[in-house]
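J.: Given the coordinates of chain Z, assemble chains U, C and R onto it according to the supplied hints.
Single-letter residue listing:
4 protein chains.
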Amino acid sequence: MRELRVGLVGCGQHALMYLLPALHYAPIQLVSVCDTNAERRLRAKRQFGAEADFEGIGAMLRGPTIDAVIACGPPDMHRAAAIAAMDAGLNVFVEKPPANDLAGAMQIAEASRANGRHCMVGFMKRFALRYRQARELAQRRAFGKTTHVSIKYAHWNCPDLHWMLVYMTVHTLDLMRFFAGELARMSIERAETAGQFTFTVQAVSASGTLVSLVTSSQEPRVKEHVEITGEGEVVVVRNVIELEYHRRVSPTKLFTSDLHDVQLLRPDFAIPNPEQNTLFLQGYAGEMQEFASACIEERAPSVTIADGVQAMRLAQLLARNTTGSFDLME
Amino acid sequence: MRELRVGLVGCGQHALMYLLPALHYAPIQLVSVCDTNAERRLRAKRQFGAEADFEGIGAMLRGPTIDAVIACGPPDMHRAAAIAAMDAGLNVFVEKPPANDLAGAMQIAEASRANGRHCMVGFMKRFALRYRQARELAQRRAFGKTTHVSIKYAHWNCPDLHWMLVYMTVHTLDLMRFFAGELARMSIERAETAGQFTFTVQAVSASGTLVSLVTSSQEPRVKEHVEITGEGEVVVVRNVIELEYHRRVSPTKLFTSDLHDVQLLRPDFAIPNPEQNTLFLQGYAGEMQEFASACIEERAPSVTIADGVQAMRLAQLLARNTTGSFDLME
Amino acid sequence: MRELRVGLVGCGQHALMYLLPALHYAPIQLVSVCDTNAERRLRAKRQFGAEADFEGIGAMLRGPTIDAVIACGPPDMHRAAAIAAMDAGLNVFVEKPPANDLAGAMQIAEASRANGRHCMVGFMKRFALRYRQARELAQRRAFGKTTHVSIKYAHWNCPDLHWMLVYMTVHTLDLMRFFAGELARMSIERAETAGQFTFTVQAVSASGTLVSLVTSSQEPRVKEHVEITGEGEVVVVRNVIELEYHRRVSPTKLFTSDLHDVQLLRPDFAIPNPEQNTLFLQGYAGEMQEFASACIEERAPSVTIADGVQAMRLAQLLARNTTGSFDLME
Amino acid sequence: MRELRVGLVGCGQHALMYLLPALHYAPIQLVSVCDTNAERRLRAKRQFGAEADFEGIGAMLRGPTIDAVIACGPPDMHRAAAIAAMDAGLNVFVEKPPANDLAGAMQIAEASRANGRHCMVGFMKRFALRYRQARELAQRRAFGKTTHVSIKYAHWNCPDLHWMLVYMTVHTLDLMRFFAGELARMSIERAETAGQFTFTVQAVSASGTLVSLVTSSQEPRVKEHVEITGEGEVVVVRNVIELEYHRRVSPTKLFTSDLHDVQLLRPDFAIPNPEQNTLFLQGYAGEMQEFASACIEERAPSVTIADGVQAMRLAQLLARNTTGSFDLME
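Chains as they are written, first to last, in my numbering: chain Z, 1 to 330; chain U, 331 to 660; chain C, 661 to 990; chain R, 991 to 1320.
For the record, the hints were derived by calculation from the structure and aren't laboratory data. It should be emphasised that the depicted structure is a prediction, and the values quoted were computed from it without experimental measurement. For glycine and all other residues, C-beta sits at the position ideal for the given N, C-alpha and C. Be a bit skeptical, because a hint or two may be false.
Claimed, not checked - Mimicking DMTMM-like on lysine to aspartate or glutamate, the simulated pairs with C-alpha atoms at most 25 Å apart in a straight line are:
# : chain 1 : residue 1 : chain 2 : residue 2
1 : Z       : Lys253    : R       : Glu1029
2 : R       : Lys1135   : Z       : Asp258
3 : U       : Lys475    : U       : Asp657
4 : R       : Lys1243   : Z       : Glu244
Said to hold, decoys possible - Computed far set for chain U versus chain C, every beta-carbon distance over 10 Å:
# : residue
5 : Met498
6 : Arg629
7 : Leu647
Pulled out of the complex, with its shape left as it was, chain Z reads as follows:
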C-alpha cells in the first residue's frame, strides 16, 4: 500500500479547515465523504476531490474500497463511527474527544481489541513541532531525569463543565501523560465563579516526575504554556510555537550569562514553508502523517484509544465535585 485510501465521516468546519488540508501532507487519498448534511458533504467532496459521498457511514463502508476511516464531529459520533469502522475491519482516526464519556471511550477500546484494529485519537498537540522537540530534548542524556512538568492551559468561557472538560481540558490531560508518563497519584482543587471553572492539578508520575496543571475557563484568550524541568536543564514552550532550551550551566558560571546557555526556536513567519505553517505548528499535519504511516506499516499509531481512555478517566475525576487526592494506580 503506497497511499492510504480513506473515507471521512463528518464534513463540518473543523474537518474542512484542519483535517482535510492536513491530508495533503500525508500519503493519503480522500476517497469518500459522509455527512447527513448534503451541502456540507458536497462542499467537502468538491473542495478536496473525493470520489463519492454518502449520508451514513454504513453506506460509505459498502461503497468504494477504503483502507481507513477518519471521523470528525460530535463525540458520540466518534464513538459510533470508530466502532463501525473497526467492526468492518478498518483502522480509524477519531478527533478528540473519542467519545462523550469514559464508558464510550472504553467501548471503542473494546472494539479495537475485539477486531484487532487500531483507533488513533486526534490529540494533535502531541505532534505540534515544538512539543515533539521538547520531548526529544527531555529524553537526551544531558537533560537528566524529568523532575517536573508544568502545563498552563487557559481559555474563555465554556457552555458548561462537561463541555470544558471533554473539548478543552482533555488536551492537557493527555499532554501531562505525554511529557511525564503514566500518573501514579493526583490531587485536585477547583474554583467556580459565575459558572466557569479553574482547576489546579498536582500529580506525580509512576517514575517520580512532579506535574502541575492549571486549566481554566476564566481567561479572555486561549493560552498554553509548557515547561519541562530536568536536572539542571529546562525546556519551555510558549504559545505552542516558541521553544526555549536552557542548558546546564557550569557551577563556576552561575552568576554570568554565556551565549551558549539559552537556545531559541521560533518560526520565521516572513516565509511560507512547513516550519511556519500552522498545520505543522499545531500538529494536524503530523498526526495525519502518523496515522498514514501506522496504517501502511500495519502497526499501532503512537497515540491510541488507550490514551483516549486515560484522558477521559482523568476528565471524569475532575468532573466529580470533590477535591482531594486520588491514587491512580489501583
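T.: Just chains U, C and R, lined up with the frame of chain Z:
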C-alpha cells in the same frame, strides 16, 4: 455571479500549499487546472476537486467556462498567462513577480489597459492580518501624519542578484509604497560579499514620509520587521504576526509607564481558527478574498499590475550597479 | 521627623549593592554602620557617608542617635539585631529571612509585641514595580474575584534544602500570600535528585483563591513567573519586569483580536530613569521608601514580622519530608 | 596607584543616580564634590562620603589631592571643567555631550593634546553589557565582514532640534562608529512635524560597511534597537538588554530550524546581581571601570574626546537644514 469559477495555471508546490488552500476561504470554485507536468496537474486536480485538466493555457481557456485565471509559476509564465487570460476577456491573478523584468510587467499593464481587464499581483503581504491592521492604525486621526516607515527584510543566500531582487526584495519594494505612498526620491547603497548582497534604501514619499529599507541575503534566517511612526505614536510589526501599538503619551507622563500606553496583538496558537492560521497571517487567504470580491463586483482589485510595474521599476534601480540618489517623479 | 536616621548592621556585598543605594531614594540618612569586619564597615562608611562605625550593635545603639536599624547578614544575626533594636525602642528592618527558623521568627514577633515596635521584613518582591501594579489590577472591580494565582520560581543548585528554603523559596512563600491572601489549606509534593529539590504546592486561600506554586533548584537560571487570574481577566508578570494584562473580551469577539485586549508594561532600558532602574524594578527602593514612611508616620509597615512568621511556617512545612495535605487554619 | 582619587563637578540628579553609584564598582574614591548649589553638593558629599566640597572647580583643584575629575552638568560646563582639569594636569571624564557644539569639543581636544592628558567622554552605551558582547561577536572570524549596521533610536518630544541632537541623537552618532568604524560618506533625510524631527541616515564606513540610522523625537517611548549583520550571521540587541545571535546555517538546512541556530542572552531579573543591574546593563559601571583602569594604567581610555569631536561633527551635519550626501573623508 455568486462564486468565481477559476482556472489555475501552474500546479507546483507553492500553488498546492498556499494558493489552492486559500481558495477555500473565498467564494471561488476551482474548475480547471493546467500544467505541462501531468503528475503535478493531476495531483492538484484530485486534491482540490477540479473538473478538468489541461497541458496548456490555450486549451484551458477553450475548456469549461471560467471567469478568471490564477497563474503561479516562473515569472515569464505569469506574464504570458496574464496576457493570454486578459486577451480572452478574463481577469487574472498572478503570483509575484508578475514578470521577469520591468518590460514584461509593462506588457501586462498594456494588455490590461487594452482589454479592460484586471491583473491582480500576488503581493500577499499587503493582506497579512497585522499589516492591514498597522495600516489602519496609521490612518487614524490620532496617529497624525506618517513621518517614517522602516522595513527590514533579511534572508539567506540567493542564487544571484536578479533572483534576490525579483523573488524576495520585490515584496518589500511593494510594502514601502503600501505604507508610505508613492515615492518621490530614493538613494541606494549596496554591499556585496561572496556574491551576496545587502541594500540600504533611503527614500522620501511624495507626501514627505521618510522611508528606510534594508534588504539583505546575508542573514541565516528569513526575518521581517516593520515600523511606522506618526506624530507621537508608532506601530511595530514583528515577524509578520505580532503587532505593538504605542499610543501618544501625555507630556506630563513621559517618565512613567501607563497600562494604556502599549497594546499588543499576537496570535494565540493554542487554538485553531483563522486568526491563528498562517494562510490568514501571511496574507494568502486575504488576497484570494480580494481577488474574488473584485471580480464579482467588477472592480479593480486593491493591488494591480500598476503596483507590479512600480515594484519592478524599483527592483531595476537596485539591480544597476550604481549608488546615489534617484528622482522617482520625473 | 523629616528624615529617618538609621544605623546599618551588616556591611556585606548585598547591603552595599542593594540596600545602601536604595536608601538614597527614601528620606533616610545613614548615621552609623556596624560590622565585625573592619574593612567592610569602613568601606560602607566611606562609600555612603556614615558618621560613625561600630564593631557591635550594642555599641551602635549607644552611639549617635538613630531612629531605626537596618540589618542585613546571616539569618540569626537578623533575629538578634531585630530584638536588640526593638528592645532599645527602635523600629527595625531586617533582610529576609528574618531568622534561621520559625522559632527565631516568633521570637522577633514577640519582641515586637512586647516593645510596641515594628519589624519590617525585606520581602522586596512585594515592592517590585510590576508586582505592585499586578496586585492593583487584580483589586479593580473589572478583574472580578481572584480565582487563581500561579507562581513559578526556579533557580540553580543550592548547598542544601534548608538554604534553598530560607534564602530562595521564602520569597515565593510570601508572594503567595501577597497575591492570594491567607492560605487555608495546602498540599505539597517534592522530588529530589542529586541533592536538589523541586516542590509543587497546591493551595487554597481563605477566600477561595486557588494557588499553584512551583519552586525548584533544578534549573540553570533564576526564573520567576507570576500569573493572576480573575473572572475573564488575567495579569501576567514575566521575568519580574514585564507585565501583560489581558482584559475581559466581549463574548461576541472571542474568536477575534482587538487592539484593546492585551496591554503591556515593559521598561525601556534605553533611558536611565527610575522606571528602568533595577533598584525600583526589583523592589529595593520601594521597600526602603515604605520603611521610612512607616517609621516617620509611626505606623506599621505593609509587611511585618507577622508575614515573616507565616513564610517561615510554610518553609517549615516544606522542609518536613512528607507529602500530603495540610490544614493551615487550625 | 591602587585607587583613583576623584573630584566630581556637578552634583545634580544624573550624577547622583548613575555616576556616583557606578563609582562603587570601580577602584575609585570620591574625594571632593563641587557644585554652585550648596544643597546639591552637600547631599552628594554626605550620601557618597566625599571629604570636601567646593563651589567652584578652581577651589576644588586646589583642595585635597585628586588624580582625576569627573564632570556632569550642562554641556558648556563639561567643556570648561575638562579644560581646567587637563590644564591642571589631571585626566578627566565628562558626561556627553562633551560641549555645546563642535567648536567646544575641539577646544577640549586641543587642551588634551596640549597637556598630554586624556578626556574620556561618557558614551556609556559603548559599555552596555549587550553592546560589548555584540561587538565581540561581530569581530569573531565566524561572523565574517560586517556588512550592515542598523540603529533605531526613538524617543519623545524634545524642546528643540539642538537639544535633540546633542543630548539624545549624539548617542547613536557615536554608536554608528563604535559598530561600523569610521564613516566615509553619509546621506541624510529629515522630516519635521510640529517642531519635532525624524532623521534617516544612510552611511558607508571606510571599510565598506553599510549603516542605517533612524533617530526620531516622534515616538512616545524611548526605544533602541541595534542589528549587526555579517556574512550569513547576525546579532540583534533589543531594548539595550536582550541579545539574539543568529548563527550561520548550513545551506542544506535553510528550510528547517535547528536548536543551535538562535542563541539568546537576557537578564534574569529575579535575582539581584551585576548581570541584572541597570548600572551594568546601561553601561555606567563599565565606563567608570574603564576610566579608572585607563588612569591607573596611564593610557588613553577606549573612548576619548576624539570620539566626542566626531559625534559632534555628525550632529552638526544633521543640524544643517539640508538633505543630501556628504563626503566625510575630505
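J.: Take the hints in turn and mark each one as holding or not.
T.: Quick rundown of the hints versus the structure:
1. Restraint check for Lys253 of chain Z and Glu1029 of chain R: the C-alpha separation of about 44 Å exceeds 25 Å, so the hint is violated.
2. For the hint linking Lys1135 of chain R to Asp258 of chain Z, the alpha-carbon distance of about 23 Å falls within 25 Å, and the restraint holds.
3. At most 25 Å may separate the alpha-carbon atoms for a hinted pair to count; Lys475 of chain U and Asp657 of chain U meet this at roughly 23 Å.
4. In summary, the hint linking Lys1243 of chain R to Glu244 of chain Z is supported, as the alpha carbons are separated by about 20 Å, within the 25 Å threshold.
5. Every CB of chain C lies more than 10 Å from the CB of Met498 of chain U, the least distance being 29 Å, so the non-interface label holds.
6. Its beta-carbon lying about 26 Å from the closest one in chain C, Arg629 of chain U satisfies the requirement of being farther than 10 Å from that chain.
7. Distance to chain C confirms Leu647 of chain U as a non-interface residue, since its nearest Cβ pair spans about 34 Å, more than 10 Å.
Comparing the model with each numbered hint stated earlier shows that hint 1 is the single one that does not hold.
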